[in-house]
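Number of protein chains: 2
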Amino acid sequence: MANIAKKVSWSSRGDDRGERTPLLNGAEDVKYTRQDIVRSRPKEIPHNEKLLSLKYESLDYDNSENQLFLEEERRMSQMSFSCLEITRWVICGLIGFLTGLIACFIDIAVENLAGVKYFVVKQNIEKFTELGGLSISLILWAVLNSAFVMVGGIIVAFFEPIAAGSGIPQIKCYLNGVKIPRVVRLKTLVIKVCGVICSVAGGLAVGKEGPMIHSGAVVAAGVSQGRSTSLKRDFKIFEYFRRDTEKRDFVSAGAAAGVSAAFGAPVGGVLFSLEEGASFWNQMLTWRIFFASMISTFTLNFFLSIYHGKPGDLSSPGLINFGRFDSDTMGYNLYEIPLFIIMGALGGLLGALFNLLNYWLTIFRIRYIHRPCLQVMEAMLVAAVTATVSFAMIYFSNDCQPLGEDHTEEYPLQLFCADGEYNTMATAFFNTPERSVRSLFHNPPGSYNPQTLGLFTLVYFFLAVWTYGLTVSAGVFIPSLLIGAAWGRLFGILLSSITSSQSIWADPGKYALIGAAAQLGGIVRMTLSLTVIMVEATGNVTYGFPIMLVLITAKIVGDYFVEGLYDIHIKLQSVPFLHWEAPATSHWLTAREVMSSPVTCFNRVEKVGTIVDVLSNISTNHNGFPVVVHTIEEDEPGKICGLILRSQIIVLLKHKVFVERASSRLSQRKLALKDFRDAYPRFPPIQSIHVSQDERECMMDLTEFMNPTPYTVPQETSLPRVFKLFRALGLRHLVVVDNENRVVGLVTRKDLARYHLGKHGLEELQLAQT
Amino acid sequence: MANIAKKVSWSSRGDDRGERTPLLNGAEDVKYTRQDIVRSRPKEIPHNEKLLSLKYESLDYDNSENQLFLEEERRMSQMSFSCLEITRWVICGLIGFLTGLIACFIDIAVENLAGVKYFVVKQNIEKFTELGGLSISLILWAVLNSAFVMVGGIIVAFFEPIAAGSGIPQIKCYLNGVKIPRVVRLKTLVIKVCGVICSVAGGLAVGKEGPMIHSGAVVAAGVSQGRSTSLKRDFKIFEYFRRDTEKRDFVSAGAAAGVSAAFGAPVGGVLFSLEEGASFWNQMLTWRIFFASMISTFTLNFFLSIYHGKPGDLSSPGLINFGRFDSDTMGYNLYEIPLFIIMGALGGLLGALFNLLNYWLTIFRIRYIHRPCLQVMEAMLVAAVTATVSFAMIYFSNDCQPLGEDHTEEYPLQLFCADGEYNTMATAFFNTPERSVRSLFHNPPGSYNPQTLGLFTLVYFFLAVWTYGLTVSAGVFIPSLLIGAAWGRLFGILLSSITSSQSIWADPGKYALIGAAAQLGGIVRMTLSLTVIMVEATGNVTYGFPIMLVLITAKIVGDYFVEGLYDIHIKLQSVPFLHWEAPATSHWLTAREVMSSPVTCFNRVEKVGTIVDVLSNISTNHNGFPVVVHTIEEDEPGKICGLILRSQIIVLLKHKVFVERASSRLSQRKLALKDFRDAYPRFPPIQSIHVSQDERECMMDLTEFMNPTPYTVPQETSLPRVFKLFRALGLRHLVVVDNENRVVGLVTRKDLARYHLGKHGLEELQLAQT
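Going down the list, the protein sequences come from chains S and F. Heads up, the first sequence is in the working numbering, so the first residue is 1 and it goes up one at a time. Heads up, the second sequence is in the working numbering, so the first residue is 1 and it goes up one at a time.
Check before you lean on any hint, since a few could be wrong.
Identical copies carry no separate label here, and so any pair may be met within one copy or between two of them.
As the list claims (entries may be wrong) - Result set (DMTMM-like, lysine to aspartate or glutamate): computed pairs, CA atoms no more than 25 Å apart in a straight line:
#1 K759 <-> E73
#2 K654 <-> D559
#3 K759 <-> E71
#4 K759 <-> E85
#5 K759 <-> E72
#6 K639 <-> E716
#7 K50 <-> E71
#8 K571 <-> D613
#9 K670 <-> E660
#10 K236 <-> D675
#11 K639 <-> D613
#12 K310 <-> D567
#13 K670 <-> E716
#14 K674 <-> E716
#15 K639 <-> E593
#16 K639 <-> E740
#17 K310 <-> E336
#18 K639 <-> D738
If you're looking for bench data, these hints aren't it; they were derived computationally from the structure. This structure is a prediction, so every number in the text was calculated from the model and none was measured.
Can you make the complete structure from the sequences, with help from the hints?
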């Protein structure tokens, strides 16, 4: 079993490193004492999407308004709050700036590395085209690709497996409120950046855009906390922001800045963050996120303009540049809209196929390819195969086009074409995918012949399916766009060959754009934010309406078959992900059925021994404990008077805040919020805290540290109502009380995430320790 | 006092019409029994912004999950929920379509009416320029203007005063959760549309864009309810949506569709709705809003393209068209950014001045100009003055420019200029403001001379200040843009005359755009949504970053002096508007201090006489009543077991749902949710329901109809926490309980809106019956 958990590269390796025992790391408040209900008994069942892992913890988006916190807030003047607000803006500016710089670095590094590679291979091919023996060129190309990918694969697989993939599923989970271990560390960022450079330079069917979102999030988490655990440096700044609430807000800004830098889409970035993360819309927060996004794209633009030798020319706002769609020469007509909808449906179908194939492949990988060296070898194999297939396609293609005067192709391969002509298949393969997308959008009609496009679509589709999920840092946006642009352009060409009126259907570039949107929408199923991203990336609002129609059609058609790619991967990790609303048909469930019970509670003044025993009990391993006052009848559950977190108790134990000591150590300073902040976010495990036998007999007074006003609901509350409260306020624990205010249960994220709408109505997921 | 309330055209006239007595209409749950606290005793104090009116009710955004509701939801299959969702989409499509049509109608009507007017006046001027006696032309112009404005003023002042102004403050309030009487009625829409056509055609310094937002909202409210109270028609469709929750969601979509049609900015529309309204972000809702926005701009575009004789040419997505900013020829440089920031600060200053002048004027109007005929006369006066001033400016200006070959001017006035030349001052005044804005953005350098622009800015500024708040339907967006564009262009011209390097500062149109953004931002203080609206209206993302910088500078500078124009007008109406967060320094307040107490509660089974008496008591006039169970000690407050609304009780009383009748009338059908929906939204007042003396002795069982799980908070909860819960879930009543679950207080919107951050820290507003 252990190795099954380990196979999934982005989730579990951190836990195996022994920082905490795997059991202590998670399993939040799920009681499985009610033996009569099968579902709540965690079993060791092989990894599948019908499980909900107990391994993931929630973020505490709800402030614990205990006495310490209230005292601090009450001491603060209006001026201090203004200063805090200004600090938040400064941090957002920094996040945007650094994210832009990283994007700039990635872009320049990839351009140069790939440039060198293509130059060398091109020289070689040209040399051997006349001499014969092109197989040597093939080997050179394959070896170069594999070498790049090997480096990228090794650093990811051996040093930081969570840096694999695009990171978007992980950031989605984080913004949703799930703590994914190691996801926002500096080390992850470094590996991610180097990894993505290697995989793009290595010619894989991947993009460098997706990982920017993850990178932005890491930057945000680092900057806002004013310290780095990887570097073991604490700059002693921004200490006020050391809690989950603030950190998650900044991470939203970082993710938005990442989108903004990747696509030159600041508004799209804001909408992405909101679509994925926000539960409670806050105007000032949104505005800060927007600021970070703007700074990010501006920084990228500015530094790239300097790099390209045209300082001040702010025309490359993102990593991907779709080129300029001119609204004068291009436009669409009303009667083209049904065609766009058909393309949307096609994108949905192809997207579903993509996801399904990738799903099976991922299951296969989880089962069989879980050792790091195997993972690296698979990545190298894919790189070599990509080179070979590309080479074969170019070799056997006889689609020659005259070389234009404007030299839009950076590496035109003549190969067996006549002088002054170049091989068009080569332009699609022998190029970074970003350039290929742009060529498909903008090259004049007649640049590609239909066979070339069809074959390219087919081959690239399977290559992209195989590539996504490899243990390398890479995004799926660009390959999706490329596949879509290829078949979209094909669609446009076929259309204009069917209809006689050349003038109307003249521009296949338009269909390439729509096809790209359809394919991407069919795979990732994003809607609002993706529309805006596409519109911003094209720099033209004319296509907004068709792109929206296409994306929505793709989503509806795709959802009929299988979920979006990111959701599939999240489900395969058994993450307790909360959707926007409770399943529609769940009104018959109430808090009583949903909650976990009985609940482990503490008294206001509790014996240290009891507390240590409860915390040490690895079979229950709760994270939040209601604090209760008992009435005369001791056997009844107590009345709720507060809620305290495991992390808070740990700090209390560490500082030996016992009642007996309070009188004897008057000289010692009182515990302050700072002590909790210093320990955040990695509170030590209970095992590391030594409590002597004498101390076990002491008492701890929790009054000052507990949250005295936790949110509660009565037992009769319906599941949608519980869900709404939980989701809107970003809660971690919701106490269920009876009409006497006695604690009868506790609702946590897993209790809610468990219910989902399947093919046969409401279904329940099983809980497991995977 | 009564007439002071009446003076404010948009709020109170509906109440005077006797549909309900003014007292019954509002005063939601504010208990003023605690005589020791002065603030909570409502007084009849003259209208001012330090008051909070008891007149406005809240919307019920929180579903009352009573047994009837739960039974209905549980009966529904997954398929029915899907059908509902599809219906929502259809409604949103309809909303978008109708809003687009209305925008199209307004545009065409204004174009034609204004066209006829300018043609007639131009003919006249040309005739008298040579003959002498231009004063006749002036009189003709002034009379024409006044006539249009008179019609517009009369229909607004006498028939539907709430249709005055742009309607944006009212929609802001509605989306915030405040029920403004008569604001979303069909009659309001008709008056609004006719009114705006008249005022724009009448040459006032107003725009036709702002009112579109209100129009969209009315369309949404009408369509989604499937009936019209103005027409007294019930189409018996969409009955499921007859509650505040659903209606407000649709109204958000309508407002977004309005913005979208006005500015051709679908994304801006969505963001406007979210910025103003949303508390809980919901992905599906947002996507529907976006759909409505897209359909709206598309419809407008499509029909306008047909009207302009170029069907299928989708190049006019909004009422205002900023023209095309070409990213090749225009662009900005890094060293221009400080200049933009200076312009932003200037815009903030001028905006603050605008708001301050308008604030004083509004106070003056509230005091002295409150009779409808006076209001109409003021409007006519403004129209005549506008014409006179314009004429004088044109007459005394001697700024002649050669007539371009491209004829960008539709009505070039030669006046005293040489042949082949035209008067530039006339182009600014003798035009719809939309055209003037576009000319300022796009006319080539040298089209205007600095004196003309300076004088124009000055005159138009004061005209616009005077115009906003008149009893006509009109928006403030376009005049703001025009003022800003004028001084922005002036700024650009001065800049290029100072610096020698003509090539860089060549295009004053760029500065006109930035100036327009600065001025508009300084007046309305919108941020994120306005940036996106400006970007979409220019159709160019290049200026996104400078526009954002400018808007944020304008907001910061402006906020230092005075609030935004809409907020000023909302405050002058004493609307209990909830901001995004509780004041930062309010942590020392708890629910105990904030709540109203004691609370009028009902028993589960209550005597009809008691209920009728409580409802009839106009001195308390509560809208929500906790339902309690009493323990043995009768003098203690009871334990909470539910919450019931006045409107629900009214329906119960109307249908005589008494315990005694239940057994005797087995044949009679059970009360269903449909009965509540039919009565929505205008539940009859208690006075209209006859309850006989016998019936007064009957008992009513509230169990089935009350919300059994209202949200509650303990007394110690801090104000920010209460606020967050209240705002995030869109509550109307929040019950405060002690640790035995006994009801000790009730928090409503007014209890929270009362606290605000003033110059001297936390301040409390007084409650009043105004």
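For this structure, which hints from the list above don't hold up?
Hints 2, 7, 8 and 12 contradicted; others consistent.
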